[in-house]
Amino acid sequence: SQQGEEDPQALSIQEGENATMNCSYKTSINNLQWYRQNSGRGLVHLILIRSNEREKHSGRLRVTLDTSKKSSSLLITASRAADTASYFCATKSIIQGAQKLVFGQGTRLTINP
Amino acid sequence: KAGVTQTPRYLIKTRGQQVTLSCSPISGHRSVSWYQQTPGQGLQFLFEYFSETQRNKGNFPGRFSGRQFSNSRSEMNVSTLELGDSALYLCASSLTGLEGQPQHFGDGTRLSIL
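Chain order of the listed sequences is A and B. For the first sequence, the residue numbers in our numbering are 150 to 262. For the second sequence, the residue numbers in our numbering are 3 to 116.
Keep in mind that the hints were calculated from the coordinates and are not lab data. A couple of the hints might just be wrong.
Unchecked claim - Derived coverage of chain B by chain A (criterion: at least 3 residues anywhere in the stretch with Cβ under 8 Å from a Cβ of chain A; other residues may be distant):
1. 24-33
2. 58-64
3. 97-105
Unchecked claim - Once the Cα atoms are required to be at most 27 Å apart in a straight line, the calculated DSSO-like pairs of lysine-lysine come out as:
4. A:219 / A:241
5. B:59 / A:219
6. A:241 / B:59
7. A:175 / B:59
8. A:175 / A:219
Even glycine gets a Cβ: it sits at the ideal position worked out from N, Cα and C.
Given only the sequences and the hints, what does the whole structure look like? Please build it.
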């Protein structure tokens, strides 16, 4: 099963509203990353939050991390049509001896103009 | 600085054939990882190469293989293609692949198996 699981699977909001996506993970982590993927394109790294950080900001993005609940949230403020994309959280895991970046299933965000 | 380049962007093959996908990482990046993305399974890690050596491997059959050249460019090969291999194959590079380094993705190769 996926290390990270995003919630909700899909989110549709009006332009200008805030969008919040959540991610839960299973094992201990050193950091958690968020990525964005526009339709038909590769993933773009948005932000990384370390396990000793509780909150991090980057422009209109705000990420929180609660290691006690093994969860993270990504908030996009004042959303724009260009924010329409899928958003993934990712954590590094060691599975069957292999160290790899494990992605959740993603949240598909639609911003309506 | 040029981004990660994957070729070709689209590929159509039939069952039983083999295919080779190419990835040129960002200049200076020595770690290259490959992922398979499908609607049903999401993003799944295939393998990672660093300094021409496979450093990590995901849970895929031996039909999936790869290699990395001295200039860090990487190729992925899939033999005896099956219908279920239809997917978007993504390549990502980072400086050394150490935890915490962001991965820079190419736009992928869309492989369709008929």
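Tested hints:
1. Using a Cβ-Cβ cut-off of 8 Å, 0 residues of the segment 24-33 of chain B lie near chain A, which falls short of the minimum of three, so the contact claim is violated.
2. Interface restraint, the segment 58-64 of chain B with chain A: holds (4 residues with C-beta to C-beta distance below 8 Å; minimum three).
3. Beta-carbon proximity to chain A at under 8 Å applies to 4 residues in the segment 97-105 of chain B; the threshold of 3 is reached and the given coverage holds.
4. Annotation: proposed proximity of residue 219 of chain A to residue 241 of chain A holds, straight-line Cα distance about 14 Å (limit 27 Å).
5. A hinted pair counts as satisfied when its Cα atoms are at most 27 Å apart, and residue 59 of chain B with residue 219 of chain A qualifies at roughly 26 Å.
6. At roughly 14 Å between alpha-carbon atoms, residue 241 of chain A and residue 59 of chain B fall within 27 Å of each other, so this suggested pair holds.
7. Proximity of residue 175 of chain A to residue 59 of chain B is assessed by CA-CA distance (about 21 Å); at most 27 Å being required, the pair is judged to hold.
8. In summary, the hint linking residue 175 of chain A to residue 219 of chain A is supported, as the alpha carbons are separated by about 7 Å, within the 27 Å threshold.
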